[in-house]
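Residues per chain are reported as follows:
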Amino acid sequence: MPSPAAIRAEADRLFAALRETGAEPVETDILQPAGALLDLYGEDIRARAYVTQDPIRGEMMLRPDFTVPVVQMHMDHGAEPARYCYLGKVFRKQDHLSPRASEYLQVGYEVFARDRPAEADAEVFALFARLLAPLNLRPATGDIGLLLAAIQALATTERRKAALARHIWRPRRFRALLDRFAGRTPPAPSRLALLDRLATSDPEALIAAAGPVLGLRTPEEIAARTRALVADAETPPLSAAEAATLDDLLALSAPAGEALGHLRDIAVDMPALTPAVDRFADRLAALAALGVDAEALPFEASHGRSTLEYYDGFVFGFHADRAGWPPVASGGRYDALTAVLGRGRSIPAVGGILRPALVAALKGAV
Amino acid sequence: MGLKIGVPSKGRLMDKTFDWFGARGVTMRQSGADREYAGVVEGIGGVDLVLLSASEVPRELAAGRIHLGVTGSDLVQDKLADWAGQVQALAPLGFGQADLILAVPLAWIDVDTLDDLDAAAAAFRATHGHRLRIATKYHRLVRDFLTVRGVADYQLVDSQGATEGTVKNATAEAIADITSSGETLRANHLKALSDGLVHRSEAVLYAARAAAWTGGEKQTLQVLAGLVGVTLPDGT
Chain A
1 MPSPAAIRAE
11 ADRLFAALRE
21 TGAEPVETDI
31 LQPAGALLDL
41 YGEDIRARAY
51 VTQDPIRGEM
61 MLRPDFTVPV
71 VQMHMDHGAE
81 PARYCYLGKV
91 FRKQDHLSPR
101 ASEYLQVGYE
111 VFARDRPAEA
121 DAEVFALFAR
131 LLAPLNLRPA
141 TGDIGLLLAA
151 IQALATTERR
161 KAALARHIWR
171 PRRFRALLDR
181 FAGRTPPAPS
191 RLALLDRLAT
201 SDPEALIAAA
211 GPVLGLRTPE
221 EIAARTRALV
231 ADAETPPLSA
241 AEAATLDDLL
251 ALSAPAGEAL
261 GHLRDIAVDM
271 PALTPAVDRF
281 ADRLAALAAL
291 GVDAEALPFE
301 ASHGRSTLEY
311 YDGFVFGFHA
321 DRAGWPPVAS
331 GGRYDALTAV
341 LGRGRSIPAV
351 GGILRPALVA
361 ALKGAV
Chain B
1 MGLKIGVPSK
11 GRLMDKTFDW
21 FGARGVTMRQ
31 SGADREYAGV
41 VEGIGGVDLV
51 LLSASEVPRE
61 LAAGRIHLGV
71 TGSDLVQDKL
81 ADWAGQVQAL
91 APLGFGQADL
101 ILAVPLAWID
111 VDTLDDLDAA
121 AAAFRATHGH
131 RLRIATKYHR
141 LVRDFLTVRG
151 VADYQLVDSQ
161 GATEGTVKNA
171 TAEAIADITS
181 SGETLRANHL
191 KALSDGLVHR
201 SEAVLYAARA
211 AAWTGGEKQT
221 LQVLAGLVGV
231 TLPDGT
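Read top to bottom, the protein sequences are chains A and B.
By my numbering, the letter at position 62 of the first sequence is numbered 62, and the numbering carries on one by one without gaps.
By my numbering, the letter at position 66 of the second sequence is numbered 66, and the numbering carries on one by one without gaps.
Isolated chain B (complex conformation):
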C-alpha cells in the first residue's frame, strides 16, 4: 500500500497545492479527463493522490483512510474534536489565508468589542425573550472562542452559505464567517468586531495519527518530507 495524500479536488486550493508540491519537485496532476477525481504523483514513488472535497479531508484524516491531507486549518479545527489529538500539522503551506471573524450590523454603533457583544446579547435576550442569534457554519470554533472569552446569552444558528445575508433576512442578529476581504461585509452593511478574530486560517499539510504507518508509509513520508523541505516532528 502506498502513502495516500488527500488534496482538494478543485479550485484554487487544488491549483495552489499542485503548485506548492510542483515547486519542490513533486508533480501532482489529475489523470485523465478534467472531471475525473483520480490523480498521479511523479517525482517520488509509493505516493497515491486522492482528490477530495476540501471539507472531506478532515474526516478522512480522522478515520485514517488517508495518511496526509491538505486543507484549511479552519476546517480541521472546526470539524475535528480535539483536532491535535487526531492529526498532526506538518507544515503551513502559505496560501489559502482567510480570517474567521465575528460581524454585526454597521448600525450597531454601540458594539465594537466582545465586551459590547456580550452586553448587547444580555439586553437583547431580556427584550426579545430569546438569545441573540449568530449565524455560522463554524460551530465548534465559534463556540469555543466565545466560551473561553466568557460571552453569554447567544445562540448559534446554522448557515451553510450566504451567511452575510442572514442578518438582512432577520434569521440572525450577527454572523461568524470566513472573509478574505472586508468587501462582502460592507456590501451587506456589516462590520467586524475589533477583537472578534476567531481563527486565522490557511492551508496546512496534516498527517493522520489514525492511519496505518506500519508498512513502508513512514519511509515514504521521510523521503517526501526531505524532497519538499518539511521537518517532521520527533517520533514521526
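Here chain A stands alone, though its shape is the one from the complex:
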C-alpha cells in the first residue's frame, strides 16, 4: 500500500475533481447515532461498524459510510436539486485477519434530483469512469429496479411479493422463498401439521392451549399470521413460466446492449416489466450521450444484491483484478432510502464512493 501521505494526496486530487463539477463540499460527524444505522442495516452492521457508548446520547457508531448522514443532512435542510461531494475516513471492523483496512479514506459524490433519473445515473457513472480512466478498471453494472419490477409483475399475492422484495438483498433466503412460492420445495412438516390442526380449531384456541403468552407479541398478532399462513397455503403456486422468467432475469449477464435485447424479450412474457426496461434503455442512451460505450458495458442483473441493501435502482462498481480487493469505486441509486430517512418526504438520489488508497496503489504500480 502507498504511504498515508500519498493516499491523502490522491484523495485531495479526486475531491478537487469532484468540486470542479460544481458539487457542494459537505462534512458529516464521525460519531453517528447507532439507532438509525441499526434500523436501516439490521444487526449485521454491528459486525462491521465500531459501536461505542456515549453517556448522554447512548449508542454511537464510528461513521461506517457517508451516504446515510449526507441523506439525513439533505432531508433536513437541502435545496433541490443538489450535488454534494465529501472526503473523509470511514471505519469498518474486519472480522477476519486480513490486509483490509479498518479505517480508510472515502471520496464521494451524491446527486439529489427529482427529474431525469436516467441522466443522473449516467452523470455519476460517467464522472467516475472519467476519474478512473487511466487505471483500466473493469466496470460492472446492475439494476435492482428491474428485479423489484419483476417481483411486482408476478401474478401472486401482495404478501408474497412483499416477502420477495424484502429479501432481494439476501439471495439465499430470496431463493428459498421463490422455490417455496413456486412449489419447487414442499412446506415444512410443522407447517403442514399446523394447517391440519387449523382445519378443526381456531387459531385462538390453539394459542391458548399451547402455552401462556409471553413477551410483546400478542395473541392477535400470532392469530393474524396464522390466518395469513392458511391463506398462503390456499394461494396457487407461481406458474412454472413465471418462476422460469424470474430465474432467467436473475441469471442475466451480458454486455448491456445485448442485455437490453434480452430484457425486451422477457418483457413480452411479463409486460409489467416494460417501464423498468424502458428506464434501463433510457440510462444506456444517457450514458452514450456522455461518451460511455454503453452497449459494451458489462451488465449483471444480480450485481449489487449482496452488498449494501439500500440500493434500489442502477448499481455499479469499478474493479481492479487484484485478489481480495474490494471495488475501487462503487455506487448506485437509493430512492427508497431517502423516504426511510426523510420521515415522510423523499427524493430520488444516486451517488457513489471512490477509495483513494486503491487508486493510489494502482497508480504506483502503473
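Wrong hints could be hidden among the right ones.
[Unchecked claim] With a straight-line cut-off of 20 Å between C-alpha atoms, the simulated SDA-like cross-links for lysine to any residue are:
#1 B:Lys191 / A:Leu206
#2 B:Lys137 / B:Leu93
#3 B:Lys191 / A:Ala223
#4 B:Lys10 / B:Asp82
#5 B:Lys191 / A:Leu216
#6 B:Lys168 / A:Pro219
#7 B:Lys168 / A:Leu216
#8 B:Lys191 / A:Lys363
Simulated from the structure, these hints should not be mistaken for lab results.
Once you've looked at the hints, dock chain B against the given chain A.
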C-alpha cells in the same frame, strides 16, 4: 519456559478435563488448598498448569499467554473473531456437550422454523416499530448464524444469565441460549426452533497460534500429544 496449558478452574469442566488427561497418563491436580488456582502436572516434564475461568481461556489463547487451552467450542467461536485464524482445534474431548439453540414462546403456534421467525420478525417490526428482540450472550455466533441464513428485522439484546426469563420479563421476544436438556425451556414456556441449532458445543483442546513456540514448547507438545493420543496437524 514450560508449555502452559489453561484448564477451567472449577466445576465439571475441570473434573472432566483432569479425568481425560488422567486416563491417558497425565495427572493434573490443584496444588495446595482447594481454593488455590495453581496446579501441577505429573507424568510429563515441562508442562505448567494454568487454572482459569472457562470464559477466559479463549482470550488467553488469542493473546498467546497460554500454549494450549481446554474450553467449550461455543466460547472460542463466540469470543474470538476469525477463531480458526487464532487457535487450532487439536482434539474434541468428548464431554461438555451442549447445544446453542434459538427458542420462542410455546404460544407462537405459527413459528417453528427460521423462515417463520423471519416472517414473524418482519410483522413484529411493522406492528411495534422496533426489531424483534433476541436475548443472548452469544452475539457473534447468533448474528453470524442468522446473517448466513438471511434472517432480518431482529436485534440482539445482551443477557449474561437467566436468559430464559427475559421473554417472561418482556425484555425480549425470543432467546438464543445453551441448553443441555429441554427442561429449562419447557419450564419457561419456550420451544426450540426445529432448524435453530446455532452451534453444537463441546470441550476442545486448542493450541494458540500466537504463543511462543520457539523454545522447547514444540517438543513438549509432541511428547504430550503422543502420551494422550492426539494427532497433531501437519506443520505443528
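Query raised in the report: When you check the alpha-carbon spacing of Lys10 of chain B and Asp82 of chain B, does it fall within 20 Å?
Result: Given that 20 Å is the threshold and the Cα spacing comes to 28 Å, the pair is violated.
Query raised in the report: Under the criterion that the straight-line Cα-Cα distance not exceed 20 Å, is the pair Lys168 of chain B, Leu216 of chain A satisfied?
Result: holds (10 Å)
Requested in this report: For the pair supplied as a hint, Lys191 of chain B and Ala223 of chain A, confirm whether the alpha-carbon distance does not exceed 20 Å.
Outcome: With a Cα-Cα distance of about 18 Å, the restraint between Lys191 of chain B and Ala223 of chain A holds, given a limit of 20 Å.
Requested in this report: Could you grab the alpha-carbon distance between Lys191 of chain B and Lys363 of chain A and see if it respects the 20 Å cut-off?
Outcome: violated (58 Å)
Query raised in the report: Lys168 of chain B and Pro219 of chain A: Cα distance at most 20 Å?
Result: holds (15 Å)
Requested in this report: Assess, step by step, whether the Cα of Lys137 of chain B is no farther than 20 Å from the Cα of Leu93 of chain B, and give holds or violated.
Outcome: At roughly 24 Å apart (the allowed maximum being 20 Å), Leu93 of chain B and Lys137 of chain B break the hint.
Query raised in the report: Would the pair Lys191 of chain B and Leu206 of chain A pass a check requiring their Cα atoms to be no farther apart than 20 Å?
Result: Distance of about 15 Å is within 20 Å: holds.
Report task. Take a quick look at whether Lys191 of chain B and Leu216 of chain A sit within 20 Å of each other, Cα to Cα. Result -> holds (17 Å)
Consistency with the previously given hints fails for numbers 2, 4, 8, ordered from lowest to highest.
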